[in-house]
Amino acid sequence: MVLKDIPACQHVLRILTGRQKLCLCQVKTQYSISRAVSRGARLDVFAEDLEGNLYAVEIQRMTARTICPSVSDI
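Residue numbers for the sequence shown follow numbering that gives the first Met the number 0, so the first one is 0 and each next one is one higher.
No wet-lab data here; the hints were simulated from the structure. Some hints could be false.
Beta-carbon label-pair distances, calculated as ranges [claimed, not checked]:
(1) Tyr30 - Pro6: 12 to 20 Å
(2) Lys20 - Arg60: 17 to 25 Å
(3) Gln59 - Ala7: 15 to 23 Å
(4) Gly51 - Gly17: 25 to 33 Å
(5) Cys24 - Met61: 28 to 36 Å
(6) Ile14 - Glu50: 24 to 32 Å
(7) Glu57 - Gly17: 15 to 23 Å
(8) Gln19 - Glu47: 15 to 23 Å
(9) Asp4 - Leu53: 27 to 35 Å
(10) Gln29 - Pro6: 13 to 21 Å
(11) Ile58 - Arg18: 25 to 33 Å
(12) Ile14 - Glu47: 13 to 21 Å
For every residue, glycine included, the Cβ atom is placed at its ideal position computed from N, Cα and C.
Kindly produce the complete structure, drawing on both the sequences and the hints.
Quick look at the structure:
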């Protein structure tokens, strides 16, 4: 995955957050979070910036049906 690359991931997160000075120090892809009681999760990207802020990124594919559902789906 391209977001393993810190500069690439940083660029995407700068666009998504609007924080142009965001600097990442760590990026993990396919990061698993397990829970003792409830279900766990596997994040596409889990990143941390120099200020200690954490970012969880999950990427989904958008289809034409997602953009404009048919009348029968409503």
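To see whether the hints hold, each was checked on the structure:
Checking the proposed 12 to 20 Å range against Tyr30 and Pro6 shows it holds: the Cβ atoms sit about 19 Å from each other. Distance hint check for Lys20 and Arg60: the Cβ-Cβ separation is about 30 Å, which falls outside the suggested range of 17 to 25 Å. Distance hint check: the CB atoms of Gln59 and Ala7 are about 19 Å apart, consistent with the given range 15 to 23 Å. Between Gly51 and Gly17 the CB atoms are about 19 Å apart, so this pair departs from the stated range of 25 to 33 Å.
Range check, Cys24 to Met61: about 30 Å between beta-carbon atoms, so the 28 to 36 Å window is met. One distance hint, 24 to 32 Å for the beta-carbon pair Ile14 and Glu50, is violated here, with the actual separation near 18 Å. A beta carbon spacing of about 19 Å between Glu57 and Gly17 agrees with the range 15 to 23 Å that was offered as a hint. Checked against the hint of 15 to 23 Å, the pair Gln19 and Glu47 passes, with Cβ atoms roughly 18 Å apart.
Range check, Asp4 to Leu53: about 19 Å between beta-carbon atoms, so the 27 to 35 Å window is missed. Between Gln29 and Pro6, the C-beta spacing of about 19 Å keeps the proposed range 13 to 21 Å intact. Here the CB-CB span from Ile58 to Arg18 is close to 19 Å, at odds with the stated 25 to 33 Å. Taking the beta carbon of each, Ile14 and Glu47 are about 18 Å apart, inside 13 to 21 Å as hinted.
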